Amino acid sequence: MTDTNSAAATGKLPAAPRALRATASALVSLALTFIGLTAITFVIGRVMPADPVLAVVGDRASEEAYQRVFLEMGLDRPIWEQYLTYLGQILTGDFGTSIMTTRPVTEDILRFFPATLELATLATLIGCVIGIPLGVWAAVNQGRWIDHCARVLGLAGYSAPVFWLGMLGLLIFYGNLGWVAGPGRIDIYYDGLVEDPTGVILFDAAWHGEWEIFWNAFSHLILPAGVLGLYALAYIARMTRSFMLDQLGQEYVLAARIKGASEFSVIWRHAFRNVLVQLITIIGLTYASLLEGSVLTETVFAWPGIGQYITTSLFNADMNAVLGGTVVVGICFVGINMLSDLLYRFADPRART
Amino acid sequence: MTEARLLEVEDLRVTFRTPHGPVEAVRGVSFSLGRERLGIVGESGSGKSQTGRALLRLSARNGRVSAKKMVFDGIDLTNASERTMRRIRGARISMIMQDPRYSLNPVVKVGDQIAEAYRIHTGASARKARDRAMEMLETVRIREAGKVYDLYPHQVSGGMGQRVMIAMMLIPEPDVLIADEPTSALDVTVQMQVLALLDDMVRERGMGLVLISHDLNLVASFCDRVMVMYGGRVMEVLEAGRLHEAQHPYTRGLLNCLPSLEHPQHMLPVLTRDAGWLEEAR
Chain A
1 MTDTNSAAAT
11 GKLPAAPRAL
21 RATASALVSL
31 ALTFIGLTAI
41 TFVIGRVMPA
51 DPVLAVVGDR
61 ASEEAYQRVF
71 LEMGLDRPIW
81 EQYLTYLGQI
91 LTGDFGTSIM
101 TTRPVTEDIL
111 RFFPATLELA
121 TLATLIGCVI
131 GIPLGVWAAV
141 NQGRWIDHCA
151 RVLGLAGYSA
161 PVFWLGMLGL
171 LIFYGNLGWV
181 AGPGRIDIYY
191 DGLVEDPTGV
201 ILFDAAWHGE
211 WEIFWNAFSH
221 LILPAGVLGL
231 YALAYIARMT
241 RSFMLDQLGQ
251 EYVLAARIKG
261 ASEFSVIWRH
271 AFRNVLVQLI
281 TIIGLTYASL
291 LEGSVLTETV
301 FAWPGIGQYI
311 TTSLFNADMN
321 AVLGGTVVVG
331 ICFVGINMLS
341 DLLYRFADPR
351 ART
Chain B
1 MTEARLLEVE
11 DLRVTFRTPH
21 GPVEAVRGVS
31 FSLGRERLGI
41 VGESGSGKSQ
51 TGRALLRLSA
61 RNGRVSAKKM
71 VFDGIDLTNA
81 SERTMRRIRG
91 ARISMIMQDP
101 RYSLNPVVKV
111 GDQIAEAYRI
121 HTGASARKAR
131 DRAMEMLETV
141 RIREAGKVYD
151 LYPHQVSGGM
161 GQRVMIAMML
171 IPEPDVLIAD
181 EPTSALDVTV
191 QMQVLALLDD
201 MVRERGMGLV
211 LISHDLNLVA
221 SFCDRVMVMY
231 GGRVMEVLEA
241 GRLHEAQHPY
251 TRGLLNCLPS
261 LEHPQHMLPV
271 LTRDAGWLEE
281 AR
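Sequence order for the protein chains is A and B. Counted the way UniProt numbering counts, the first sequence spans residues 1 to 353. Counted the way UniProt numbering counts, the second sequence spans residues 1 to 282.
There could be a bad hint or two in this list.
What the hints assert, rightly or not - Each computed SDA-like pair below joins lysine to any residue, with the alpha-carbon atoms no more than 25 Å apart:
| no. | chain 1 | residue 1 | chain 2 | residue 2 |
| --- | --- | --- | --- | --- |
| 1 | B | K109 | A | L168 |
| 2 | B | K69 | B | R13 |
| 3 | B | K147 | A | R269 |
Calculated directly from the structure, the hints in this document are not laboratory data. This structure is a prediction, so every number in the text was calculated from the model and none was measured.
Let's have the full structure, built from the sequences with the hints guiding it.
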């Protein structure tokens, strides 16, 4: 009702066009980033010493077969035309065929990526759910023993090699105690029973109400997610602590105390809301870097994730697979950054301009 | 002032632990306050702000407050529990801070910050608190209170921010208000408006006011009594109207440093300090 008035008074556009404009500019920057990303992967694919034709026909193929495939792949055409073709293929979800698995790369990614998504999401959740309160708690008790404990835990989580933690975890919790399941995503006799709609086993099992499968998958997931989560937790807790210390020293915190606000309200209602603004970026970056796939963790736990897929493809000079994987990881990165930008606007009124 | 003393302070000391050893910011300050306006003046570092914060027991973490006597309305503030202190803060003794750009929470609507101060002490419903906050915004002479309520601190000017601060700190109707340099961060033209507003509110509600400032003239024209501080100690306490009859050499020195339009001086004298002023015994 007074929307347009107040907008005129504060010299800003009304809410709806402002949101539209923000979305539009986000989409433009997404498109530009996408073009940049694909251009880079395309160039990498062309400058690599691996001959794409040989990779398809094998090194004992006849000259005739080689030439036929060379033309089929459009390698005789100008480079920009090849790029446009490549771009068109990507946009229709066609990344070519993987030499290693002999399946379309898209199909492979749809199999491998959900495994990483599952792992990274749970690890980030663990990092947030434990790391944020730990960081806040440490900051509030700055210099006391709890603060020192949190810092030692943070340092350990950050500096202990992931593969070592993973093997230690397997040895103790799987080997000795038997609390969790071993490597892999799921026990062999459950494998492939639920695959739709997403490929994320936890979600699919819950979707179909297959709770036995759900718990089996969960017991496979919890250890690798815990190991990666410890890493995320260490980083998030450390950043939360330092942001919180900074905010607790601000004048508005003193003002809240002067009003007679309880310590809980001072910390969570006042200081933490400002910490959250800064944390969004940190959490987004952590999640994005975990989605890249953590090769070491995936290797230790025989986890069929995107990191392992890209690495194995790289060793086999399977360029279609490498480029496809890279593009998907890149899109994830850009997507998460956009999402954290949006959330940032939501959390910080000063960013809504 | 024949009324009962609201606040009595005797031998207040605030000491900070620092890596370079203890630093005494306030060193044996005594004063009392009724429903009157007391000004505390002094240079930076004279301990005037720390005196204000010590009354609310909100000194920084590394600070230690001690006093022979610090009594507010029969309550001993030196060893009151944290719970008691929380009930006193805001509701009975409140404080206005210097710069609204830093003292308002940047991510909370200004109206909600005022309403919160009301809800803490009354337990009123959100709706009731909102209505009261709206009234309060009008009381501090903000037009279009409904619109201002939903603004964030970065969207209001300094003067408006300080009115919001005043509204926030006065909404629970405290008995004593400490105003720590309430106008120092504002433009000169806005300063007078904010002071006039503060004056009206203090008069109307019959509150005790402690005005902390470095501006001698402002304090003299605004307060009933003036307490001059230097190096964490009280130099002298004067009736505001008799400031110009001040005896203490420090006060005289400060007064001489003020340029005057009627008696222009070629060069202002430099304040000479006497180490003896910092001595404990009088």
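Here is how each hint holds up against the structure:
no.	hint	verdict
1	B:K109 <-> A:L168	violated, 50 Å
2	B:K69 <-> B:R13	holds, 11 Å
3	B:K147 <-> A:R269	holds, 23 Å
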